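Q: Listed below, chain by chain, are the residues.
Protein chains: 2
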Amino acid sequence: MVKTIEWRDGKGVMLDQSRLPLEVRFIECTDCHMVADGIKKLWIKGAPAIGIAAAMGIALGAQDIKAESFDEFTKQIEPIIKMMLSTRPTAVNISWATGRIERLLLANKERPIDRLKELLIYEANKILEEDIEVNKAIGRWGSEFIKDGDTILTHCNAGSLATGGHGTATAPLLIATEQGKRIQVIAGETRPVLQGARLTSWELIQAGIPVTLITDSTAGALMKNEMIDLVIVGTDRTTKNGDVANKIGTYTIAVLCKEHNIPFYVAAPLSSIDFGMHSGDLIPIEERHPDEVTTIWGHRVVPEGVNVINLSFDVTPANYVASFFTEKGAFRPMDIKKLMRADIDIESLRLKGI
Amino acid sequence: MVKTIEWRDGKGVMLDQSRLPLEVRFIECTDCHMVADGIKKLWIKGAPAIGIAAAMGIALGAQDIKAESFDEFTKQIEPIIKMMLSTRPTAVNISWATGRIERLLLANKERPIDRLKELLIYEANKILEEDIEVNKAIGRWGSEFIKDGDTILTHCNAGSLATGGHGTATAPLLIATEQGKRIQVIAGETRPVLQGARLTSWELIQAGIPVTLITDSTAGALMKNEMIDLVIVGTDRTTKNGDVANKIGTYTIAVLCKEHNIPFYVAAPLSSIDFGMHSGDLIPIEERHPDEVTTIWGHRVVPEGVNVINLSFDVTPANYVASFFTEKGAFRPMDIKKLMRADIDIESLRLKGI
Chain W
4 MVKTIEWRDG KGVMLDQSRL PLEVRFIECT DCHMVADGIK KLWIKGAPAI GIAAAMGIAL
64 GAQDIKAESF DEFTKQIEPI IKMMLSTRPT AVNISWATGR IERLLLANKE RPIDRLKELL
124 IYEANKILEE DIEVNKAIGR WGSEFIKDGD TILTHCNAGS LATGGHGTAT APLLIATEQG
184 KRIQVIAGET RPVLQGARLT SWELIQAGIP VTLITDSTAG ALMKNEMIDL VIVGTDRTTK
244 NGDVANKIGT YTIAVLCKEH NIPFYVAAPL SSIDFGMHSG DLIPIEERHP DEVTTIWGHR
304 VVPEGVNVIN LSFDVTPANY VASFFTEKGA FRPMDIKKLM RADIDIESLR LKGI
Chain P
4 MVKTIEWRDG KGVMLDQSRL PLEVRFIECT DCHMVADGIK KLWIKGAPAI GIAAAMGIAL
64 GAQDIKAESF DEFTKQIEPI IKMMLSTRPT AVNISWATGR IERLLLANKE RPIDRLKELL
124 IYEANKILEE DIEVNKAIGR WGSEFIKDGD TILTHCNAGS LATGGHGTAT APLLIATEQG
184 KRIQVIAGET RPVLQGARLT SWELIQAGIP VTLITDSTAG ALMKNEMIDL VIVGTDRTTK
244 NGDVANKIGT YTIAVLCKEH NIPFYVAAPL SSIDFGMHSG DLIPIEERHP DEVTTIWGHR
304 VVPEGVNVIN LSFDVTPANY VASFFTEKGA FRPMDIKKLM RADIDIESLR LKGI
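Residue numbers (this note's numbering), protein chains in the order written: chain W, 4 to 357; chain P, 4 to 357.
Because the hints were derived from the structure by calculation, they are not lab data. Quick caveat, the model's predicted, so the values are computed rather than measured. One or more of the hints may lead you astray.
Copies of the same chain look alike in the list, so a pair counts if it fits in one copy or across any two.
Derived DSSO-like pairs (lysine-lysine); straight-line CA-CA distance at most 30 angstroms [what the hints assert, rightly or not]:
| id | residue 1 | residue 2 |
| --- | --- | --- |
| 1 | 331 | 78 |
| 2 | 227 | 341 |
| 3 | 69 | 43 |
| 4 | 243 | 261 |
| 5 | 139 | 184 |
| 6 | 43 | 341 |
| 7 | 243 | 227 |
| 8 | 48 | 355 |
| 9 | 340 | 227 |
| 10 | 261 | 112 |
| 11 | 120 | 331 |
| 12 | 261 | 227 |
| 13 | 112 | 227 |
| 14 | 150 | 14 |
| 15 | 243 | 14 |
| 16 | 139 | 112 |
| 17 | 129 | 78 |
| 18 | 44 | 355 |
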């Protein structure tokens with residue numbers, strides 16, 4: 004398993020994803036500015052991973068603070084928190100992590116400054132460990148649906164590189180492999196940004212799992228030839244009714260699964276489920292820059308005058324999903340909304356593996 | 004309409020497709036070696052187009068022959084024919100064109116040499132004109148299924164660049180436009196070789212048809228959002244039962260069409276229908292070099308150690324096809340096999356447009 008970020012010898016160590024897969028470079032961040040730089044320059048990506056990085060950046064910054072009182076300490080830590088928030092202003096996980104740190108400080112305002120500094124390191128590591136635990140739990144529940152000898156298709160990158168641990172869609176693959184099941188993975192290259200080709204294939208090779216790369220439009224032919232047993236993808240956001248927003252192309256794979264009676268699974272940490280949004284039609288679909296499609300490695304591929312539609316993700320309706328893998332268990336789409344109810348016995352909703 | 008090849012002022016003029024869409028260069032071939040070079044170097048591509056080119060190459064070569072007798076003439080033309088056959092040894096259209104020329108010569112062996120030379124030019128132009136007529140007829144029958152305001156998805160390149168005239172899948176688009184219907188086209192980029200991005204979008208822009216480029220995996224999201232009214236693709240080979248071999252990704256589009264109740268049409272000149280092959284499972288699927296997927300513009304995208312499956316085409320079963328557009332009319336898949344029977348009234352099988 005690749006460690007995309009960790010705390011080691013008083014430093015925040017992050018893998019520079021921007022150079023993958025051609026170069027594997029770890030950056031040892033010795034101060035908060037290096038961490039902020041890494042988030043800004045996309046050396047580290049993925050919602051959970053950048054939340055962890057921000058927490059580590061604040062912990063690093065705190066160590067250099069010279070303060071005698073709590074007020075002095077918070078006055079100096081505030082610009083560091085602001086710097087982290089400004090790296091990726093729309094990243095929910097960064098503001099979630101900073102909020103958690105601010106609450107921690109307030110709850111410990113009576114303690115000596117040195118103790119606060121220790122607490123911040125402890126909290127950053129705790130955020131990382133919690134993420135690792137969530138990944139592992141998703142992996143354990145999901146692995147029950149993988150048999151020895153299975154071939155699993157995945158799309159885009161919902162792997163270790165985006166999280167602190169086993170990733171989300173990749174976690175069941177890693178756990179199944181740890182359990183001794185011999186599996187292989189088909190990775191869709193994921194145009195236009197090629198996360199499948201560059202990242203997923205790389206991290207599965209690191210984990211010793213055989214991986215085969217295809218162009219995205221090859222999935223149908225492989226399913227028709229009975230070369231795929233199941234599909235596991237991640238999700239950017241899943242709504243209360245079980246509709247799944249994920250990387251463009253996910254919906255097409257779901258339709259192909261329906262046509263070929265292949266189960267389509269979604270690995271979804273509870274943090275990715277938006278219980279406040281009723282259904283997927285309400286999710287605004289972001290359009291990304293045409294250059295991602297028209298230009299490859301600085302070479303323009305297409306003629307002037309052509310329009311481009313470059314959707315960043317699509318929405319797969321709940322009825323295409325066989326099961327969600329969360330850290331609390333595997334659930335039917337119709338049961339997702341029940342997970343927020345206090346009166347529900349979660350165990351009774353859990354799906355059994357095959 | 005782009006003229007990918009034509010005979011002009013005693014020369015064979017071909018468009019150098021290898022530089023498209025960044026550079027539009029026409030090459031004036033003054034002798035048969037230039038034509039052979041052009042076929043070999045993929046300046047000209049597409050089954051009908053290279054058949055026409057080979058015929059023009061032979062006609063050019065014949066003009067330089069100094070011979071007093073038919074035997075002397077054929078002795079000198081034979082190496083020219085062999086040279087054309089050796090440019091792309093598996094290209095059916097080249098051997099079809101050379102066979103036709105050899106029969107023509109044999110049938111006219113009593114004529115003077117100068118007349119034979121003229122006949123070869125005439126025959127090359129006839130092959131081109133017949134192809135243009137086939138394209139136009141496909142376009143006329145197909146255009147009946149296109150309404151004013153329609154948005155049509157196509158895949159890969161089955162356009163003018165591959166034929167002498169309007170192309171196959173593009174012919175209905177061009178004819179519909181000539182008829183005054185305002186249409187727009189969505190072109191799938193067609194990984195790995197990007198024929199949709201490089202060629203189809205370019206030639207539709209030349210024809211003044213608005214074209215929007217998408218990554219192949221975006222088709223599903225657009226269909227779900229009701230942004231596509233119909234699909235027209237070409238075919239490399241269609242079997243007697245109506246199964247369609249075409250560029251990888253075609254089958255996925257057909258499945259998406261079924262799911263969204265969108266008609267899926269195949270433009271198929273009768274020359275592409277293999278009446279000797281019963282069904283699509285019998286077609287051997289060529290695998291192409293992994294480099295097409297792993298390397299883009301000389302840049303390796305993927306890590307060492309990853310396998311690649313790079314299928315050149317897939318097979319779409321007949322039941323996904325709403326109608327075939329041929330030069331004889333539009334037909335249901337189940338009627339394709341009847342087109343070879345002498346006792347059938349073809350008109351009675353023709354489908355009416357919408």
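Q: Of the numbered hints stated earlier in the document, which are not met by this structure?
A: Violated: hints 1, 6, 8, 10, 11, 13, 14, 15, 16, 18.
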